Structure formats: C-alpha cells, structure tokens
Amino acid sequence: MPEIEYILGHLNYWLFTVLMMTGLYIVVAKGNLIKKIVGLNLFQSAVFMFYISLGKITGGTAPIFPLDMRIDPATVYTNPLPHVLILTGIVVGIATTSLGLALIVRIREEYNTIEEDEILGIEKELVAQENRTLGDAMGGRA
Amino acid sequence: MLDLFIDLSLFTMLVATGFAIVKMRRLFGVTMMTGVFSLLSAMLLVTLDAVDVAFTEAAVGAGISTVLMLSTLTLTSRIEKSPVHTPWIPLLVVAVTGAVIIYGTLDMPNFGDANAPAQVGVAAQYMERGPEDMDLPNTVTYILASYRGYDTMGETSVVFTAGVGVLMLISGLRRRRRRKPSRDEGEVS
Amino acid sequence: MHHHLILRVVTKILVAPIILFALYVQFHGDFSPGGGFQAGVLMAVAFILYGIVFGLETVQAVMPAWLAHKMMAAGVMIYAGTGVVSLLLGYNFLDYGSFSPHHPSHGQHWGIFSVEFGVLITVTGVMVSIYYAFAARRPAISNEEW
Numbered sequence: 001m002p003e004i005e006y007i008l009g010h011l012n013y014w015l016f017t018v019l020m021m022t023g024l025y026i027v028v029a030k031g032n033l034i035k036k037i038v039g040l041n042l043f044q045s046a047v048f049m050f051y052i053s054l055g056k057i058t059g060g061t062a063p064i065f066p067l068d069m070r071i072d073p074a075t076v077y078t079n080p081l082p083h084v085l086i087l088t089g090i091v092v093g094i095a096t097t098s099l100g101l102a103l104i105v106r107i108r109e110e111y112n113t114i115e116e117d118e119i120l121g122i123e124k125e126l127v128a129q130e131n132r133t134l135g136d137a138m139g140g141r142a
Numbered sequence: 143m144l145d146l147f148i149d150l151s152l153f154t155m156l157v158a159t160g161f162a163i164v165k166m167r168r169l170f171g172v173t174m175m176t177g178v179f180s181l182l183s184a185m186l187l188v189t190l191d192a193v194d195v196a197f198t199e200a201a202v203g204a205g206i207s208t209v210l211m212l213s214t215l216t217l218t219s220r221i222e223k224s225p226v227h228t229p230w231i232p233l234l235v236v237a238v239t240g241a242v243i244i245y246g247t248l249d250m251p252n253f254g255d256a257n258a259p260a261q262v263g264v265a266a267q268y269m270e271r272g273p274e275d276m277d278l279p280n281t282v283t284y285i286l287a288s289y290r291g292y293d294t295m296g297e298t299s300v301v302f303t304a305g306v307g308v309l310m311l312i313s314g315l316r317r318r319r320r321r322k323p324s325r326d327e328g329e330v331s
Numbered sequence: 332m333h334h335h336l337i338l339r340v341v342t343k344i345l346v347a348p349i350i351l352f353a354l355y356v357q358f359h360g361d362f363s364p365g366g367g368f369q370a371g372v373l374m375a376v377a378f379i380l381y382g383i384v385f386g387l388e389t390v391q392a393v394m395p396a397w398l399a400h401k402m403m404a405a406g407v408m409i410y411a412g413t414g415v416v417s418l419l420l421g422y423n424f425l426d427y428g429s430f431s432p433h434h435p436s437h438g439q440h441w442g443i444f445s446v447e448f449g450v451l452i453t454v455t456g457v458m459v460s461i462y463y464a465f466a467a468r469r470p471a472i473s474n475e476e477w
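Chains as they are written, first to last, in the numbering used here: chain L, 1 to 142; chain D, 143 to 331; chain V, 332 to 477.
Please keep in mind that the hints were generated in silico from the structure rather than gathered at the bench. Keep in mind the model is a prediction, meaning the values are calculated, not measured. Warning: the hint list may mix true and false statements.
[Claimed, not checked] With a cut-off of at most 30 Å between alpha-carbon atoms, the simulated DSSO-like pairs for lysine-lysine come out as follows:
1) D:K165 - D:K223
2) L:K36 - D:K165
3) V:K343 - V:K401
4) L:K36 - D:K223
5) D:K223 - L:K124
6) L:K36 - L:K124
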C-alpha cells in the first residue's frame, strides 16, 4: 500500500506543522508580550524538531561510536549534522529569548503595561499631544 | 508499530500542551506549561536519536528558560488581559500558512529515508572520515568543535552578543550616570 | 527565603553535585552526549539555584558580577585565540592538526578540548549575568496581581 506508506512517512512533518502553527497563532492573536515570546519559543521548538527529524534514518541509532572505536560497518548511525546545528541553535535561542524578555521589562517600566493594545494607545496619545503642542506653537494651524 | 505509537502519544501531549498555552491566561501557568513542553520535546528528540540535543533542550528549556520567564513575571504582570479582537483573522492566517507549509512537505522524501538528500551529502563524509581524523567516539562533539568550528565560533559570539545586549538593557550599570528628567516622563504612568 | 528550611538544606547538598556533573559533562563530552554548551548551562544552573534560595548577595560573594561579565568575553577570546594560535603555527584558522603535527588526531583532541572550554566559559558567564541582571531589578508591581 504505497498511500499508507506515504502518509506514515509524512505524518511527522504534518504534526510538526500543527505545532508550528500553534506558536504562530499565539504570536499573531495574543496581545500580551510575554505570551508572544512563549509563542515564538513554541514555533522555534517545532522547527528544531522538524529539522532533527530530517536527519533520522530508520533503524539507525544515536551517532556515538563504541568507546574502543571498533565500528561495526553494519550499524546504521543517524545523521549527526542536524544535531550539531540545532544544539547550538537551542543555546542561541535561549540567549535571544532573554534579550526579548529584557526588552519587555524595559517596556513595562516605561509604559507600565505589557499589553500591545494599551501600548499602542499610549503611543497614539503621545503623538496627538505632541501635535497639539506643536500646533499651538505654530498658531493652531498644524 | 511501537515507534509509531510512542511518536503519536508524545505528539498528542505536545499539541495538548500547546493548546493549553494558547488558552491559559495566567502567565505563571503558561511558564510551567512551557517547561512541560520542553521536557516532552526532549523525549521526542530521544526517539529521533538526537541525544545531545535532547540533553540541551532539557537543561535549557526546562531549567534556565523557566527561571528567566519567572523573573520576568515578577518584574511585569502575571495575568494576561482578556482578548479584545476576534480570533478569526489570526486563525485564517495560520490556516493558510500551515496549508502552504504542508503543501511544501508533499515533495519531501519519507521520514527515515536513508537515501534522502540530507543524508548523502557532507554528513556522510563526516561520518566516514571522522573516526580516522579525530579518533573520538562522539560524532556530534567533533563535528561541532572541529569540522564546523567556524559555525560554533559564530554561535558563541551570538550568545556573547545577546548577553551584552541584556546587560545594556537592564543591568543597571548605566545608572551611575546622572539622570536628566526627560520631557514626557511622568505623563506616561 | 528564611523559613524554607528543607529548600535551603537540599540546595546546599545539591550545588556541589551539580557543578561536578557539569564538569563531567564537559570533560566526558568527547565520549558521551554532552559538551561545552550543556556543561555551561548546568554550571550556570548551580549558581542560579544558589542565588534563588540564598539571595543575590550570597551568590555574588562566590561569583561576583564582574567575574561573570569577564567570563562572557574570555570564553570567546579562548575560542578565537585557539584559531589564532593555529594560524601562528602556520596552519589554517582553527585547524587543530597544528598542535601535534606528527599525530593530527592528538592535535584535534587538544583543539576540541580548548574550544569546548571556551564555549563553557562563555555560556556560563552569559547565563549567570543574565540571571543577575534580571534578579537585581526591583519588582515594580504589587502583590495583589498574583
């Protein structure tokens, strides 16, 4: 049954896509900045797992040779290159996440809120106020 | 068959955790759920033979990231305000994006295919020449540090740069300078 | 956290094994899963745990903030310095064969060791500094919001 084989072979990718889209939904739909960072993290984890799954070989084992280095040619090892790239990616991910969290802390200190709508409202009000001040200075015509 | 069962049950739990994160409005609970998500994904990575990555994910995702999230929560707020927009437009965007990505995967080789383009390129060379060149059992370590040494140096400097960025933003080292009262301070809060 | 007796006792017992485990992961990384990145995170976790339970001043007596900040840069310098040394020995940048021309694989061992050590220092420094930066900030909200 080639159809079943095809579906089973691609099921993993589709499920990773569902996870990715969950993250994307949080980023797009939620207004809370911390929630947005969590959504980005979900998206990132899903991409990492997807990338790792590209390197998997059926019947393979973890890419670590025996300690005495007598490698049995019949053993199949999973592709280690995606592991290397994602391993560094995870640590970079946490470093950049903390940068985002630091930005949120500063935003909270300046605006006293971390909801996107309220921040936009405050920004709009500030701009309106500035326009009014400038307009007064120019004789009420700006 | 057992592989498929483990795979599917882990995926079900991951998706359930993801939906719980979407629904939950208490950010403390969200943080805990993120830790759960990391541990589950570490398990999934073990089934994909990526033991090094699973180790990193468990240490970073469930350890450091939870601590950082919690310290951010103490500095900001703990409850997400209830949403003001309808969720339909984001759902549409997400559905379309997901459909495009799934359409992209249709041409991909089957999961676990040993002849996929990802397996036969430079990675096969690393596996073949590694034991002779390096004489080390852990392939991930020697590719990371030697064959891909430039990449890792770049990643290390990115981690360094992110650390410097955090220090510049919130370390308070800047406060030694005398602060001038800015014009629109006080009107905001 | 003056009243959490169990937490304090358990933390005191746990910190040393965590650091030991981090060193094991670092130096055994050539043979089993592990390496500089994981070991750096684990090492930082030991300090962060100590800081959470005993307070920032106590942990900064062990690892002062300036030390963590210097570690961030020192690790990258060790990494890049390895490359510069191999350059000065007449080989390519980050070509570890230069450290032992008759036994290239031994040179690789030295190179990988030094590079992973640089990664360990940087990751520990960055994670600890980030934690210090967040923890030193005064919380700006009232307790009712919990």
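Here is what the structure says about each hint:
A hinted pair counts as satisfied when its Cα atoms are at most 30 Å apart, and K165 (chain D) with K223 (chain D) qualifies at roughly 12 Å. About 13 Å separates the Cα atoms of K36 (chain L) and K165 (chain D), which keeps this hinted pair within 30 Å; it holds. Between the alpha carbons of K343 (chain V) and K401 (chain V) the distance comes to roughly 26 Å, so the proposed pair stays at or under 30 Å and holds. A hinted pair counts as satisfied when its Cα atoms are at most 30 Å apart, and K36 (chain L) with K223 (chain D) qualifies at roughly 13 Å.
Between the alpha carbons of K223 (chain D) and K124 (chain L) the distance comes to roughly 20 Å, so the proposed pair stays at or under 30 Å and holds. Simply put, K36 (chain L) and K124 (chain L) have alpha-carbon atoms about 22 Å apart, close enough for the 30 Å limit, and the pair holds.
In this structure, every one of the numbered hints holds.
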